[in-house]
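Asks: As they're listed, the protein sequences go chains F and V.
Using the numbering used here, you'd call the opening residue of the first sequence number 1 and step up by one each time.
Using the numbering used here, you'd call the opening residue of the second sequence number 1 and step up by one each time.
Since the hints were made in silico from the structure, they are not lab data.
Values in this document were obtained by computation on a predicted structure and should not be read as measured data.
Hints should not be assumed to be uniformly reliable.
Partner residues aside, some chain F positions facing chain V, computed with beta carbon under 10 Å [claimed, not checked]:
#: 1; residue: Leu7
#: 2; residue: Gln100
#: 3; residue: Pro101
#: 4; residue: Ser104
#: 5; residue: Pro112
#: 6; residue: Ile113
#: 7; residue: Pro116
#: 8; residue: Arg159
#: 9; residue: Gly422
Heads up, the beta-carbon is just placed ideally off N, CA and C, and yes, glycines get one too.
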Amino acid sequence: MSAVSYLINTTAAFPTSSGTHTAMRSVPEVGALQTLERRTKTTDSGSVSLSLAPWQGDESTAVPPFFWPQNREGGAISRNRSDPAPEMPSLNKRLAALLQPPLSICLAASGPIEWPSELMEFQRTGIRMLIERPHILLADDMGLGKTVQAAAAIRLLTRRREIETTLIVAPAGVIRNWRAEMAKWAPELRTVEITGSAAQRVWKWDSRVHVKIVSYETLRSDIGRIRASQVGWDLVCLDEAQRIKNKESAVSGAVCSITSERRWALTGTPLENSVEDLRSIMSFLIPGPIKDEDIRSRLAEIQLRRKKSEVLSDLPPKLTTVLAVPLTKEQREEYGGLLGTGTALLCDKGQDATVTDVLALITRLKQICNFATESGRSSKLEDMVRRLSALREEGHKALIFSQFTSETYGVYRLGRALARFGPVLYTGDMSIGQREEATRAFRDNPEAGVMILSLRAGGVGLNLQSASYVFHFDRWWNPASESQAEDRSHRIGQTRGVSVYKYICEDTIEERIHQILRSKKSLFTEYVDDVCMDLGGSLTEKELFGIFNLEPPRRQRTSARDVSISELSGPELDMLAKYRLERLGYEVEMSPPSHGGGVDLIARMRDELGSEITLFVQCRNWSSPADVRAVRELSDVLPRGSRIVQGLLVCPGGFTADAAHFAKDRHVLLWGAAELVS
Amino acid sequence: MSPIPFHGITDDPPGAAGFLRFLPHVADDFWLGAMLMIDAAGEPVEFTYARVQAPSPTLWRPEDFFLTCVRSLAAAIFDACPVAPLVIVCRADEVDSRLFSEQIQVETPIVLISQEPPPEDSELDGDILLQWTIEQDENSPARRLINIIAVRGLLLEPFERAEIGLREVYPDLFEP
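Model the full structure from these sequences, guided by the hints.
Replies: So this is what it looks like as structure tokens:
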């Protein structure tokens, strides 16, 4: 019985000339047209089932046949890797690959594959090349998304059944990032990090997943087991491939001893200048001896390298990457100790514990996330040095921001640690002359590769467009301040292509708070961009105490969020408005109490061109909407025709539609309860 | 309606669309046909193919000759296909509308696709016209599947894949 139900009309008109019924024949013997009544089932037809079969856990398969074509009976086609490889893949396999949707459609934003964000044109080119070429050195400038391109290509290759097993070898510090990028860009692929104790790793190596991610060091340790297991790999991808530039090293030997049909090497460090560095990477990519004189020509064949300046028009103004790094052993020990004692102290304080106590503990923990106090070890620093080295070779400059300035945890500590990059420091305790000198030195001195700034000092009044890379060594959790700082590098003269890296330490308070705020941020950014997200202002008391699994003491009322805005007294409302304006970068002075008449606050800020913007602020602690009269009252005190003096009317009860309309034409901004608490 | 109600991780409608492709007069008067079934994501699900060798058309009325060859291929493909698509898609310039109105009665909804020539000086492709042999409700599974396939730019492209598949299955017939 055919699955497609159909009937053939046997009364159709046919030529009656003799022999017609035998004139058409199949090869061999379709017979369908001999006569319709005598139609026999064609034998020269076939069907190939290309179903996506759920993994049945078939022990005969080395990997889950998740995308493996099925045979007609619906069972998975087994593939035993110990079998000699057939010279020609089966028709099933060839068709399964050939009949996949074309790459152009798969990579399109409106195509059948959902991508977390639209791929840029140069990234699509990179993905195509990764798919089409078995051996490739992807050497794009840092910040152009090599990981994204590789993850997307792995996804497509796996979907197209061209590969089943992938091994990604990466520095230990970026394994978690790889996992995150794979989850984001190839969500249907199963991925495992090969980490943990030896016993755990044995189990993980044996797991049947699409992608395994391992560090260079772990690979070197486990290489004997990998060889013994005779697991075959379809693709081996080396991230930061310059790690194997020493051909004689154990790591290099281990990596090169793994066989695979496809081999990719990713690096942001230019390699053209060192034949020796190249030799090792080339010998990984193209097994077999290569003569010195041939190395560069072979490199040209397999290297795909795009500089940031070449793809500038494709790039968005700012590309932000959050880098999650694990703490070093020393940091972890110190962090664990402080967390234990700090939490115990908070518990002991009981009802006397305040938000200030919690914030103080958070600050101490954040400092340890930067540097271990005694040894000075820092996983963030180690990762950043690696990235800065790549940038340095390319002649790029970078800005590094930290909220701390101290010799132990902040700007000055970083300055010592990054001495070889010619650091220029910029902090709030420097005189105006010193700051100008620092800015000039960074701009004019080619040896000055990095500028290290305290977030608060470097966030305003600086234009540093010579840097196209920005690192946030720690987070202030205030997007307004962070973007203000980032804007130093792209505001004037460099309107596109700034790469921003934000560090957080895994399994620490930094990661926890990052997650909480990320979940809240989408709500904030829906209606206001530069919203204050300082911890004290953006997390409720419950959330702050909850970070340490503690309940907040009762009767605490230190966060604006815990207060009903409509219950605020006049002075309280003034204070809240002042606080909000300061978070937005204004300097605010309070005018003498006016009892509802004149201006309550005067807020000033300099814009990027140096012009001063002044806000005359009037606060009305009304629970009902303010009407046109209230707007007019403020409008009347504003200098007529001035574009640099504006009014701001604050009213928790909101505004009537007429008032909103009236304010629009008179340079008066309106803040209701939402703006005050967001 | 599934007896076990469920929601998938995507809103893609289940089922597959079968793209029926006919290649007349390949070497030695072979006629080839294939049906590539794809799901809403464009992934191939099933590929069914057949060939017949046509005689000299001298004694045939041209329209009958064409129709008969195509009907033979369609029947062979339907016979061999182990799963039924939600909808069968054909190119209007390849399939005489009489095939499914007079020659073969298929229970599966069929949609004939034609592309209008683009307006002069336009860089855009011409409009694509769909003609259903059985009127489909807007929310019918077949219609939903075709709609999402169209949005994803997969309304014409699978015919090319079907030809690629035929070239792989019958390489000898395509050699110069």
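Asks: Against this structure, judge whether each hint is valid.
Replies: Cross-check of the supplied hints:
1. The interface hint given for Leu7 (chain F) is met, as the beta carbon of that residue sits about 4 Å from the closest beta carbon of chain V, less than 10 Å.
2. With a cut of 10 Å, the hint placing Gln100 (chain F) at the interface with chain V holds, because the nearest CB-to-CB distance is about 7 Å.
3. For Pro101 (chain F), the shortest C-beta to C-beta distance to chain V is roughly 4 Å, which falls under 10 Å, so the interface hint holds.
4. Hint status for Ser104 (chain F): holds, given a least beta-carbon distance of 9 Å to chain V, under 10 Å.
5. At about 4 Å, the closest approach between the beta carbon of Pro112 (chain F) and any beta carbon in chain V falls short of 10 Å, and the interface hint on this residue holds.
6. The restraint placing Ile113 (chain F) at the interface with chain V holds, with a minimum CB-CB distance near 7 Å, inside the 10 Å limit.
7. The closest approach between the C-beta of Pro116 (chain F) and any C-beta of chain V is roughly 14 Å, which is over the 10 Å cut-off, so the hint fails.
8. For Arg159 (chain F), the suggested interface contact is upheld, since its CB lies about 7 Å from the closest CB of chain V, less than 10 Å.
9. With 10 Å as the threshold, the beta carbon of Gly422 (chain F) stays out of range of chain V, its nearest partner Cβ sitting at about 50 Å, so the hint is violated.
The structure fails hints 7, 9 (numbered hints given earlier, in ascending order).
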